[in-house]
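Enquirer: These two chains come separately, so use the hints to put the complex back together.
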Amino acid sequence: MKQKFLVIAMLICSCTNTTWSQTEIGSSRIISSQRKIIIQSQDKIIVHDKKRIAISDEDKKRFAGDRFTESKFAQLKKFEARLLSASGSKIKVLDKKDIEESTLSFYSIYNEHKTKYYSLLHPTLPYICEKYKKYELKSSFFLPNWDPQWGSIDVEYASLEIVLESPVKFKYVNIGAIDEPQIFQDKKGHTHYKWEVRDVLAYESEYHRTPEATFQIGVKLFAEEFTLEGYQGSSQSWQSFGDWYIDLVGTRSNFKVPPVEFAAFKKLPVEERVQNIYQLLQEKTRYVQIYLGIDGWQPHPVDEIHKNQYGDCKDLSMYMIAMLEQAGVQAYPGLAFPRNYGWVDEDYPGNQFNHCISVVPLPSDTLWLECTADVTAFNNPPAGLEGVNILLVKPGSSRLVRTPVSPAKDNKSVFTAHVSLTTARKAKMQGKVVFTGNRAVGARQGLWELDYTKQKKWFANRLAEKAGDVRIDDLAIKNLKTTNRPLEIEFTATLNYFAKKAGSRMIFKPRFFHNIYYDGEAPEKRKMALYNMTRFWDQDSVTFSLPFGYTNQRDIKSDSISSQFGKYFSRMKPEGNNLLWTSTFVSRAREIPLNEYADYHDFMTVVKKQAGTKFVIRKLKK
Amino acid sequence: MTSQKKFIHWCLLIVFPLLICSQISFAGLKTKWGKVDKKYLRMTAFAPDTNAAAVKIFDIGDLEIVVSRRFELYFERHYQIKILKDAGKKYADIAIPYWHKDKIVSLKAHTILPSGKKHKVKKKQIFDEEKKGNFRVKKVTFPQVVPGAIIEIRYKLHSDYITNLEPWVFHDEIPVLESRVELKMLPGFTYNVKVGNDPYHLVKKSEEQYSTISSGKPSITKKFVYTAKDLPALKYEPYISTMENYRARVDFLILSYRDPYTNYEFAKDRQTLVNELLEGTHKNFLKPTNEVKDLVADIIGDEPVRRIQIKLIFEYARDNFDEEMSYSAGAYVRRNQKDVIKDKKATNSERNMFMLSMLRAAGFKAEPLLISTWENGWIDPVFPFLTQFNRSIVAIKMGSRFQFLDASKKLGTMHNLPAEDLTFRGLLLKKDAAKIVRIPNKGIKSMETVHSVVDLNSDGSLSGKTTLTSVGYAAFNRSIELQKEKAVSDFITEQISGDIEGFEVLECDSLLKPVPSDTLETQFQFKTGEVAEIIDDEIYLQPLLYFVQNENLFKSEKRYFPVEFGYLAKWVELNSINLPTNFEVLELPEAAMVNCEFFTYRYTIMKTPGNERQLTATRFLKLKKEFIPASDYHRLRNYWSRIVDGDQQKLILQKLPN
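Chains A and B, in that order, give the protein sequences.
Our numbering applies: residue 56 is where the first sequence begins, and numbers increase by one.
Our numbering applies: residue 243 is where the second sequence begins, and numbers increase by one.
Don't take each hint at face value.
Stated by the list, open to error - Short, incomplete list of chain A residues facing chain B, as computed with Cβ under 10 angstroms:
#, residue
1, Asp112
2, Asn166
3, Glu167
4, Ser174
5, Pro178
6, Lys339
7, Trp503
8, Thr508
9, Lys509
No wet-lab data here; the hints were simulated from the structure.
Note that the Cβ used here is the ideal one computed from N, Cα and C, for glycine as well.
Chain B on its own, in the form it takes in the complex (with noise of 0.2 angstroms):
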């Protein structure tokens, strides 16, 4: 050898594995346990958001999927967390959920002081408990925990299941100077990685290599890093579906693992996962049994109207089983039908399931299809994930159209889907043609119309009668109030008339019941307190009575989200007025109209045509949009501040001469 040669062997020989371990140092050197950069031990407060309680310093995630005898995942946390309040102490008591099949492999955590000295988490500060059959959780409580204190935790969990994995999500309730997820597979997987809910790009990634043994050699191989930096803490705004909308996140898909001996696959595109599902357990209910053609031609009988037949076999699936409460399996099921009929039991999906077995013995094309609802999230129908669906519902083929029902709810009808099933589209299950299907969500589907005729007393007090009608999602939402009250007169009192001052039912129908229907309507005789205001010779009243808005619903000067209302509803009131006998109009409300492209209001008021003693107030407000995007949201609540203005207006009686 050359002494050049021998120069680069020896090179090669020393530089090149200080190289390899500067990279795992390197990478090490950021997260070794205990090791805490000074000026966070030193910091009190955080200057880009000094409200926050706690940040977290870093949050590390290490997913890594071995082969041995069988497929084994090993995911480790490290994270470490500055508590900055009295009000941030409340992270230092941690609870880490997992699956029960799964085990926490390790766990070591500390107290690290401002002055640098380090409190142990011992062996008797960290609990076991679980939810038998279901999930456990490892809770751990941390010591000596005072302002300017970090706590850090680093723990390993091992699974056997590979095939679900949790997502890595970036933002918390605090905020986060970085998280990471560090992505180690050996070669020979394949996988899908999508990164979601990361409209400004916050998720980077980047590649990094590392040493392991594969296939019992050493080698060097890739693992991919996501990393995210300074992300503001996540505070919930009203009227929205969901956080886990914003919360950027990385989910994982292992499609395959191949090596010399072994050639596994675990997915591969969307229509496999679903050719999958429906090979596997919805299997169970594509092909209805005996036992439920025989249900079924019971159900049906001699009903022509395929119309009616359909909810017939709706309102069996809605009224005949109870929830299951014990175990949630999202959009998948546990039971096959035979499982329903015997258990009189069944999650939202086994119900709707079994609808569809039933509608199937009828005659219908009825297909499975998978949604997310609104608090699971949206999906991104572009990567394949079933993991991101939780409920299974049913979509029945009315000619070009898609009819779709989900018997999950007691007080629900076959026209409209849950509220929380509106949330755009869904994966409709075929074999071989699975695609994304819109759910239609235009039009009105919540009305509510309140008609009253009162007599204003002298004293202020009011007392008349009111008929009440609500239709689609209000005739729902009425029919759960009035489920969770004792009396019909309750229902009244406590749902109906807010915070009318001394409101008390004088008749009403005490026959009202909650039952699933796409109206309800009841009326009621009333009297109230003082509730209008009687100054010497003046009374004040404000003439509407139950849908006034005293306040406006979009109170913050910004807004981070878009306004979510769901669908889109009408409200509208109309109260004619019997005015006392010895008083006289000296004036009246001033008529309000607003038409935006986000709602339309009118308010009038007026003396009823051909009635000089009384007056007529009618409001109305109707949604345009139910998806409002947060760059309108100033426009929005400036306009809905004219609302609360016309309601709030108050009309001047004056006592007349004597």
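Same shape as in the complex, but just chain A (with noise of 0.2 angstroms):
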């Protein structure tokens, strides 16, 4: 009885074994993702992250690699990773020199910090990877996100486990369709959170999306205690927040040795004080990022700013301040977390921000100095610092403000112009654009680094970017580098095949300067809410002249829409042997939630067709 017994027992493991071995890899996806984070102290977390991961085609194969980027609070103790075939046998086990380091930074001149690296690659698919990183946070302000939808490939499941070895407190907010995590203690005593997820799809992005919307399903962390390089902080609330920085910041924000030239704006009254002093910091410093220790968070003390007269954005904004306070003017530092990132919600104090302003509150107003940017102008941060929650670090009372958002009237961009169509449907053109807000910004960022060669070819592209080929012959900037005015450009252009030729008739399109571009999903598509950087407002006026025994063959034609999001209006008159054109597009939607994205498509879509209205002129029978 015993040994029949044992011979069925064989025989279901054998069985098994057949069942394992003949499993199939099948589409490329993670099967398992998880992460547990150990808290051990304020000051030592250890992160656990293990995936499994199928792979079945070549674009794949990258999955089958990891990096992590060591710092002074960050620490990588283990990489480990094979890749195994369908039947479970190893195909390549993941050495030593494999794992490759580097510490060359690209966007910063110097970021302290090694980056190690490796990617475990094998000819023949499909196999899986089994790959396991273990690293240590030297403080607990760096608790990590857990975002498990893994970019462009499904996750099976995934987990998310904290341990608690000390009673370091966090907070957590789920993201997504995700359920509340279950807790529980463990022999020990730990408390242990753990959210789990199952058949998450892989990202997909859509038009427009809002940066948020990047993270669909995971869980943010915050710690409500903690402590960088000595400075302990909380994130309990703003005001503890902002308290924090304060110290972080300490003396750097103050002068040892005043420089004597800012007193001298003490005579001016305050606003203007600010205005030229803004103005200084944008005609000397540059824009320089160099990270050691804490850098990525604590500025280098203004005295060596002012001698070196370049730094990153929270260097730039303290100088600022520093100057300020020279002059007589008090003013704070702005954390900031720029819309085109994301969103600071207010509800979660604590570490959100990457960016620094610097903020001047006046009885009557507020001054928001954007100071590592040349072509802002003065109190006219640019678009993506519109409308979002700044942290105003004050002594004692820190709190988050938003900023005001700039009404589309402010933004525009005026094109006027005229037009010599000629037979050969070429149009030669004289005419001029005027730039103001946010429209100025983008112009001038375009604009102002470059060559007046260079400057020509971006406005070629600028002028007609779908009407054929484009010879600027003759192009006048005004105001690029004073930012305080419109920016103006006038030209004089020749556009080869302007016209598309049909028959004896010629056929173009009016609306050539100010394209609208819409791609929005269709309504029931679509899942995300959708964001536009900035109000606008588009203007052209442009006078078409025919050319000779050619002839129009329309009257007066109008188009016009209006609704919550904007308004569109066009019309061509004719006037003898020319065609006056004129149309305006008002855009005042920037961010539209999901329940009003039917309507906002419809609007873009009539707006679209209306804009892409194309005129035909005839040639004349003799």
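Expert: Right, here's the structure in full:
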């Protein structure tokens, strides 16, 4: 009996083995992804990351690799990885010599770090990759968010487990369709928090999705108390977080040897003082990012910045504040997270920032100073800093404040031109564009560092993106560096294939400068809110002179549509041998929630169609 | 001593050293640290090129090889850049890459303001980075940089490796007033110097004397100075292989060193270099190991046809090794046959050399061929430098001709070298019989045909079916595009349909995969948005869908560099357009034809014979030259504009009266 049982058991085992060895790998996906964060103390957090990935496509081979950037606060403990065939046999195992190291920084001049990385490859697909990474974080300040959706690959199962070996307080925010964690205690009395997700589809972007939409499912984590290089901090409130930042900055924002030149501005009215010093900052300094230690957070001393005349966003913002102090103006740092990166959730004080500006509260107004961009006007931060939450760091009263959003009329692009059409379907034109507000910032950003030849090229691309090739005969740019004035561009140009030939007719699109691009998904397919960087106002006024022997086929033609999202208007009016074209598109919609998207889509579809209207002129019969 | 002799003696004692000092100090004055000609301090714009955001006042390299217990190289570089505009400030953040085994032994830098005041770069403004085991980067950031300032840097590099010296490049992306390299070699060295990419003879050679210590004794010896002045900024233009082909440069090759105690040969001539390479790292692949022989026997099996044997071996080399990314040895190899099999990884050259060993195991007369790919620049066949090559491929002798193989592209086939290999010639590595051989690049290498049958609907939209056939490099490029996309429909929408308004794939071959093949064919059904304009009772339609030229490829009025297409190509589009039932043709586009020395272009549209309700539009474009000198650019541009004229024509349909 015993023998029969053994035989049966062996048979069962062998069948199981046979089943395992015949397992197909199937399509590329993350079979399982497990993260375990063990919080031993505020200054010691061990993270274990384990993944099992099926790789069946050439372009998914990159998932069988990993990287980790070591710094003063993060240390890699272990990389392990292996490739397995469908039957489970080892194809390749990660060796120490496969792990490369680099200290190269690309965006910064220098960033004190060491990146370790590997890529485990095998020429014959498919295979399974099992990989494991263990690292230590030396401050709870860097508690990592968990985003199990791993880019362009489906995820079958993912979990996050936090183990509190020490009673470190933290907050969490669930993102997307994720259940609350299971909370339990182990035999040692340590509290565990565990989240699990299943069948997470690969991330797919959508047209003009809101930046935060990239984080679709997961958990955000914030330590309530943390220490960074001896600076004790708290994210229990925005005030406590601000206090920590003040402590971190310390005396670095004060001149040890105050330069004498700034006191001279005291004789001016306050706002003028600020404007003059801001202009000085823009002219004399340049953006240079150097990170050593906690330089990612702590600014360099202002004396050093003054000597070198360079720095990154927090350096230049502190420098601005220090200069203003010498001129008798009180200013404060504003920690920011530009809109194109995401959104600062006001309910969760903590480390949500990646940028710094200077803020000058005045009795009747607040001045917002973007200190790293030469192209921005005084008190006119770029679109990415409009309508965002900024942490105004003030001793004892740090708080979130919302920056204003400029109305469409402040962000204008006004195009006027006279266009002479030739029988060879060329357009010779003479005109002017005037940009204000965010439209001016965008144009200045494009033109600022270019020489004249490249500026002409920039403008040629801008003038007629879809109208065939362009020769800019003359270009005069006014107020490029005078950021508090509108940017004006006067030009003469020849567009060689402006009109399309159709037998004895020519057909052209009158709205060629302010093209309208809209490629939003059909409402039934859309899943994400939509985001436009800025409100704006585009206006065209163009006179077309017809070539000799040609005539217009139509009378006055008008189109218009108006809604809460904006308005579009255009009119073509014949005047003798000329056609006078006027058009305005005002976009007021910055953020369109999903429940309004269908209406927005309808509006933009009509606008795009009307803006694409073409006109036909015909050769007169002899 | 007579008084006359005394006079002469004293003159020599006093005057001669002064002369020597003046030579040295003259050379030193020009490049004296911190010294700036006042005119440059005052300069606010550079008259010959007012666009320039910065200008290099001078750029001086000093290359010296000394002999102590070993050969050592010292390379000192010293330059000044005048910042003219805000855009020029970026030149004040410097990165100096160097090989990880070399060392930068000294570095000083400062900013000189227009007032003459200097701000030194401190040690904490200098940083070191590295890609471990590969190269290092020294980064320097200058303080107080404003338009008008001059940045100045001088650094010295030490190396124990003198066989592969870095070339000196004269041109830069900003104008250079003077670029100079001085080559100091102790007596006893023989070497080759090659000036390249200098069709306008900008580089001048001169000799100067300098004093040194040689074999413990003071001596006066020569240094060779290569100077180029007033170099314009080199700006990129489209349809060019690489800017490296147009930067004037000097390459150095040490041949030998002899003194009373030493006789050292570095290299003699090309054949010697080739023999050394064949005896060195390449030797690892010349004789197939038993393991490789067994492998080849498995791969070939019973296949009797030699051509197919080559194919099997080629495909094995292509498919069975991943690309080595952690280092790039160019034309050289680090692995041997055993390593390649074990690691399943290889650089391009290692992969090809492994293929060579497999081919030899199969009895083919395969030889290594060194080439310089497009991005690496042209070779100079006269000079012996092997460092001008960056890839090893394989040449098989087939009768009187060669077949060339390069297995480095995952989607490549044995019938076509990768496009970047089409660089006219390579160096065949044969012991005592190395020679330059031509890499043929004749005939059409890329062809694409689209055939569509479409219905034009009365709302201006189209619906229909297209068959795409790509051959040669066109097939390869399409496979690369297909590989990038998640689905075949995405490939069609993103890569083929281009800007067609509202293009949507209704049906396609979802099983189409990017595979190595000389042809790629696929069919799909589609619909579009409003591609035709409807104005009153007329429809205006551009009959071409896929190969339309909406703008001239050659926009610039002037061009300094030749136009390089790389290879000859052909495109054919054939569209059968079914007209909407209640519309008739009012006007058809005119036929267009251009037959010039650069290309042939034909465009016709007519009613389909036997079908009054259908139009057939045919477009044909074939390149005739892959290399067009700059002197012909103007004509090429004018001819090309006629293609645009032809392509952009529209046909007009008119609604039939009720």
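Enquirer: Evaluate each hint against the coordinates.
Expert: Evaluation of the provided hints:
{"no.": "1", "hint": "Asp112", "verdict": "holds, 9 angstroms"}
{"no.": "2", "hint": "Asn166", "verdict": "holds, 9 angstroms"}
{"no.": "3", "hint": "Glu167", "verdict": "holds, 9 angstroms"}
{"no.": "4", "hint": "Ser174", "verdict": "holds, 7 angstroms"}
{"no.": "5", "hint": "Pro178", "verdict": "holds, 5 angstroms"}
{"no.": "6", "hint": "Lys339", "verdict": "holds, 6 angstroms"}
{"no.": "7", "hint": "Trp503", "verdict": "holds, 7 angstroms"}
{"no.": "8", "hint": "Thr508", "verdict": "holds, 5 angstroms"}
{"no.": "9", "hint": "Lys509", "verdict": "holds, 8 angstroms"}
Going down the numbered hints, you'll see the structure goes against none, and every one checks out.
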